[in-house]
Structure formats: C-alpha cells, structure tokens
Amino acid sequence: MFRSLLFIPGNNPSMLQNADVFLADAIIFDLEDAISINEKNNARNLVKNYLVTSSVLPNQVILRVNSINTEWFKKDIELLKTNKIDYLLIPKLDKLNLLGVEEYLNSFEKDNNLEETKIIALVETARGVNDLPLFAENKRIIALMLGAEDLASDLQIKRTETGEEIFYARSKIIYAAVDYNLIAIDTPYTNINNLEGLIKDATYAANLGMKAKVCIHPNQLEVVNKVFSPSEQEIKWAKEVIKISQEKPGSGAFQFQGKMIDKPILDRAEKILVKAKQFNLM
Amino acid sequence: MINGVGRFIPEGMQPFVSSDNFLTKERRLISKKRKQSKTVFLDNIEEVFDVLGIDSNMTISFHHHLRNGDKVIQMVSEEIGKRDIRSLNFAPSSIFPSYTKLVDLIKNGNVNEIHTNYLNGEVARVISQGHLKGKLVMNTHGGRARAIESGDLNIDVAFIASPVVDKFGNGHGAIGKSACGTLGYSISDLQYAKKVVLVTDTLVEKLENYQLDGKFVDYVLIVDSIGDRMGIVSGTTEITKDPIGLKIAKDCADLLNYIGLIKNNFSMQTGAGKTSLAVVKYVEEIMKKNHIIGSFASGGITKAYVDMLEGGIFKQLYDVQCFDLEAVSSFAKNKNHIAMTASEYGNPFEKEPVCDKLDFVILGATEIDLDFNVNVTTDSMGNLIGGSGGHADIAYGSNVTIIISPLIKSRIPIVKEKVMTVTTPGSDVDILITERGIAINPKRTDLREKLTNSQFPIFEIAELLEISHKITGVPNKIETDEQIIGYVEYRDGTYLDCIRKVKNGY
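First to last, the sequence lines map onto chains A and B.
Counting with my numbering, you get residues 1 to 282 for the letters of the first sequence.
Counting with my numbering, you get residues 1001 to 1506 for the letters of the second sequence.
Please keep in mind that the hints were generated in silico from the structure rather than gathered at the bench.
A virtual CB, placed ideally from N, CA and C, is assigned to each residue, including glycine.
Honestly, I wouldn't trust all of these hints.
With a cut-off of at most 30 Å between alpha-carbon atoms, the simulated DSSO-like pairs for lysine-lysine come out as follows [unchecked claim]: (1) A:Lys200 to B:Lys1241; (2) A:Lys48 to B:Lys1409; (3) B:Lys1288 to A:Lys40; (4) A:Lys48 to B:Lys1241; (5) B:Lys1289 to A:Lys211; (6) A:Lys226 to B:Lys1289; (7) B:Lys1288 to A:Lys226; (8) A:Lys139 to A:Lys172.
Derived CB-CB ranges, DEER-like [to be verified]: (9) B:Gly1312 to A:Gln233: 50 to 60 Å; (10) B:Lys1241 to A:Glu270: 52 to 62 Å; (11) A:Asp154 to B:Asp1446: 34 to 44 Å.
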C-alpha cells in the first residue's frame, strides 16, 4: 500500500544516502528518464552499491528500469540479484511490452533462483492506456501508475494545470485498478515550487479514485501523504460506524448521524481503518 | 586540571566551572576612557601610527562589521608590516578570509597574540598549523565585551571603521558609501580603549544621530575606502534548496510549534545559514496561519527578519550586526530596527542582556557530543574553521536552545563521543534536530515530557551516534599535536578548552 512514492535519480549519491529519511512510503530509484545516456552505467553501479552496502534502506524499494526496447534493460534487471528490490517500475508498458518483460523475467528469475518479481506498470502511451484491460490482470502487476508527461507527448498535446487532457487516462487507470484490485498511482505534479497547485491536483486525483501519487521532490511528500490519507474526521467516523455495527451484529442496515449505513458504507469504513493503521494514523 | 566540561586546562588558568557560575561574581568595570583633547583629523595612516606611537606589545583592536569587505584591518596590517613592529596583540572581533595581510604578520612575528570570537580562511589555517608565536584566545561576542570593560582585555588602540563621521568625531554605520549597518561590536572598544581612531571614507558636517560618540574619539583617519559593503553579505541570504536541510528546518519549526514556543510575543534568534533561513520561513508560515505576532527577533539580522518586521509579524528587531544590505537600509529607516551593543546582546554581567530574553534559538554545530557539548570552533580534524560568535551567549540565555544539523556531513558523523573542541557547554544545549532523529538533553525533563507522545522521531543522543556509525562506520580517532596553540574562553572569562596544533599531514 502506498500514498506517496518519491523518485530519486540513481546518479545522485547524497540523495541515495538519505533516501530512507524522507516521508515517502516508497522510493523509486530511477535509472530511466532522470539519467542521461552517458550516466546510465554510473547510475546503475551507484544504486547497486547503495543497495548492497547501505545499512538503512527505505521501507519499500522500487527500481525504475529502462524500457525493454533499450540496450540498458537487461543490465538494469541484474540489480534484482541484490534481493533488495521490492518492485520494478516498468516504463511505457503495454500488452506487447509486458509479454517481453515477463518472458525475460521468468528466465532471469529461474536462472538466478529468485522469487517472482512484482511490477508497477507505468502507463504513459496511448497504446498502454488502450491496452489496460488486456494486461492489468497479469499476476505480476500490483499497481498502475500514470505517466502523464510522456502520454501528453505521445498524444501531441500540452499538459495543463487543470489536467482535463488526462481525465480519460486517469479514469481508465482507476477503473482498471479497481477491477483487478491494484493500486492506482497518479502522475507527478511537476511544478515543485507550487504547493497550492499540488494540493489541488492531488485532491482532484484522489477524488477521482487515485490512491497514491508519485513525487519528484521531497517537498511534495507531506502534501501528498495528507491528501491520500484518511482525515482525522474520517477515521473517527469509521471507528464509530464499525463500533455500532459490532454492537448490532446481523442487524443489517442502520442509521448513524442521520444517514443510512449499509454494507458498502461499512466496507468503506473498514478500508479507512486499514489504511489508517497501515500509516500509523491512529 | 580538569574543568567543568571535563577538559584539561593548564595550571594558573581559571577553569570553566559552569555556565551560571558568573552569577556568584561581581561585575568588574574599568573607567571609561577620557579624551584629553579635541578630536584630531588625519588623512594618512603613517601619521596615525606616528602620533599614537604604535609599538611592540601593544594591543590593537578592530570590529568586523564590514566582514569580508573590510579594508581597515588590511590597511593597518600593511603599515605594521612596513614598520616591522614586533610582538603585537590583535583583538579583532572576528577574522575573515579577506584579512590576508594578517597572515604574514603572524608568520613573521609581528602579531603574536590574537583575541577574537571567530576566524576562518588563511589566518585560521596558519594558526592551526602553529605559526602564531603566542596564543589565540577564542571567546564570545558577549564575553569580548566583558573582557574589555573589565580590563581583562586591555586595548591600547582601537581602529574602528565608521561609514560616516562628522566634524565632531561622531560616527554612524548606516550612512555613507560603505554603510554596513549597526556597529554593535565596536562600542566596548570605543568606550574602553586607551586611544580610539575612527576610520572613515565619508565626512559630513554634523550627524543628528550617531552610534559612535565623538567624546571617546581621539583621531579620525580619512581614507578613500574603508571597504566594500557588498562583502557583508554572508552568502547565506537564500533559503536552502537541499531536501535534507528543508526537512530539518520543517521538523524544527513543527517541533517549536508543538511545544508551544510559537505564541504571541515570543522572541527568537537564528543563525544566517541557509537551513536557518528555512526555519525562519517555516516559523513565519506558522505565525501567519495562526495570526501570531512575535515580540522581537535578534542577532545578526537578514532580509528574512526585515520582511517579518515590515509585515508586522515581529514588533522589533535587535540588531548587533547587519548580515545583508536589506538589513542595512532597514536599520537606517525603521525605528523598530534597533541597534544593540555586544554587551547589551550577550555580556553575562549586563542587567538584562537581550540573549536572556530569548524564548528559543536555532544554532548550528560542527560536532556535538554525548554530553551535548557543541563545537563550532574547529572541524573534526582540529583545523580552526569558525568560533563561537554569539553561540555560547545565546545558548546560555535562551529558554530553549536547538541545534540543527545533518547527522552526517560529507560522510562524517556530527555526533561524537567527545567533541574535538568545546565551544558551548552541553548544559546550555537542549535539543538536537537531524534528518534522522531528534535528541533531547536529559536535563530538560520538561521538554522530554512534552514530546513523549508526539510523532517526532525522538532518540537518545547515543542512539543517533549509533545510527550514524551504522551508515558511515566508526571513524578513526583523530590525533592532534600536543602543542597548545590557543584556548576557548567562556563568556565569564574562564577557560573551556585548549586548542591544539593540527598534526602534520591533516
């Protein structure tokens, strides 16, 4: 479960050294877009050494590898041998790419006696969005992440502050995630100095159904964690609802604070409490 | 003998006992100087040296308000070099990298003793290597004022850079082409030095208001330039962009808010570092959100505080030294931007020094040890890189003293079992905030109680040491040379620690 995921460029030693101190639920060590071609090998070596030697790692470690269509993909996958990576973030995923990734991972894992690696699908092409119903059910996939900047490039459109242009993609990801019990992760908000804009963007995404958001600067984490956490009032409400339902087992629907509480509402209350416990909010 | 912070102090020197031991002592004051005749105006430094008879073994003082832009100490150093005057004592309130001419004076034995509050650059390097033939004494801003007024530091000639002087010998810091703002560190020198020379590049008919009273001034030396006012800018006028610095600053502001220190009429002081400025910004946000108006901020003043004064968020600023040009112009025009002398700021024997009225201070550290002793004088290898300035003064005076620092700087842990040099006793340090955890001095049971059930990551300081060692490994022990090159003097005149020569090869 995530609320916030923070990208850290793989070639930045001071950021790597401090990766565990930030408020992110997971850290994504980036070997792809944040790394120039000349730095690819350096970044990979640095991340590898960091994972192997560091005594303090983030709670959840994600590695964004280069796309399967690049010369770096296989070298990046070698880092799975460190046994320190929880998930791979696979860029530009669509049905066809996933087939290739899965085939390579099956063989790599078998050769190296590794357990099955779970994947976060980075959906950032029109084909990826269209293919969602075709690959979201893959057993390796645990989350779907929207990459709106690359998607906008693919669509040859401009990104806007209000994000109307990615409404369709956001919705597709959210619906596929719910359908296959995956985590829907929203695209980053790229203006790192505009926290007000981030609040609006994250709140909008959360209201649509996104469950987490990627951050590209540590300053964004506090806002994102807050937006994607249940509020104090929600936790209080959920506790009371569950308490009443436990006091009246088998009584079906009941009224609370003037509103009808039935199974869907009880489920929602339970999910709020699970999340609150997970993130030490109660 | 071993002093109150467990450090060796040679026999014959007053050992530090405790930071409040001065309360058992009486204030000692020598007479303020009495000028014998009218102020004399001169226009070349040779004449000044001739009429004053500057000679061996005299003590000459300077202030550092022009900081890295100061030319007065350079000018005087050059003349000493030309005349090859030997065995002088220098007492500048601080020494900056631009004071290059002092380097040769030290190496050649022209200057044998130095009494200052802060030093870095080449002068610090040559002293660290043992080139100063006598001793270096590092004390605090408030302690320097105490030493001068008590006669412990006898000044023969004070050269005081004054951006403007009038025909009566009065001076001011906020007017003139070299305006640098308040002149708080020079007031004790002005009042107690045997002879006072104001050095200026701007002469006016009459000043209505002045900081330097002509009744103490023997000579005015008029020169082309006393310095470059751009040199006062500390290079720390921008808030840090470093995510670790920002995290520490945010945690610091949140903690201050959580323990109830950001309340109406509170007072604060911070350093001028980039992370400190971020703390100021976050504190300002909390104040605005909760409609809080502070009583005063003090210290070296920066634009960040000027903005808060002008925005009505603080009622007053007490300024001993302007850290940027915005602070200089604010001081010149805003009656609530108030100059204070070093004595009013931090002299332990003042009745109500400003440092004693502070609710909290945010300070830095090069090292901090398991007893919360702080070192800002030397680096971990023993090289001189700074000094107390007002660190120990405000750490003692403030209700809550907070040290902010990354736990690891350039792969060196800042928490040590024992600091290389004690600048500020741990009894005056309450909280350490790092990116990986917060430690509270065990003697502050009140703060520990308040934070027990908080979400802040509270650790014992020994646990923070352990965490840092897990990351970096245990650093090798650093050896210093046996030769003592100087002392850290506490604000009450007792000795906190010895400074030793850096071992060859470090």
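Hint check:
For the hint linking Lys200 (chain A) to Lys1241 (chain B), the alpha-carbon distance of about 23 Å falls within 30 Å, and the restraint holds. With a C-alpha separation of about 22 Å, the suggested pairing of Lys48 (chain A) with Lys1409 (chain B) holds against the 30 Å cut-off. Restraint check: the Cα-Cα separation between Lys1288 (chain B) and Lys40 (chain A) comes to about 45 Å, which exceeds 30 Å; the hinted pair is violated. Restraint check: the Cα-Cα separation between Lys48 (chain A) and Lys1241 (chain B) comes to about 27 Å, which is no more than 30 Å; the hinted pair holds.
For a cut-off of 30 Å, the pair hint linking Lys1289 (chain B) to Lys211 (chain A) stands: about 29 Å separates their Cα positions. Annotation: proposed proximity of Lys226 (chain A) to Lys1289 (chain B) holds, straight-line Cα distance about 18 Å (limit 30 Å). Taking the CA atoms of Lys1288 (chain B) and Lys226 (chain A), the gap is about 21 Å. The hint holds against a cut of 30 Å. The hinted pair formed by Lys139 (chain A) and Lys172 (chain A) meets the criterion: a straight-line CA distance of about 19 Å does not exceed 30 Å.
Between Gly1312 (chain B) and Gln233 (chain A) the beta carbon distance is about 34 Å. The supplied range of 50 to 60 Å is therefore violated. In this structure the supplied range 52 to 62 Å is violated for Lys1241 (chain B) paired with Glu270 (chain A), their Cβ-Cβ distance being about 42 Å. For the pair Asp154 (chain A) and Asp1446 (chain B), the supplied restraint of 34 to 44 Å is violated, since their beta-carbon distance comes to about 59 Å.
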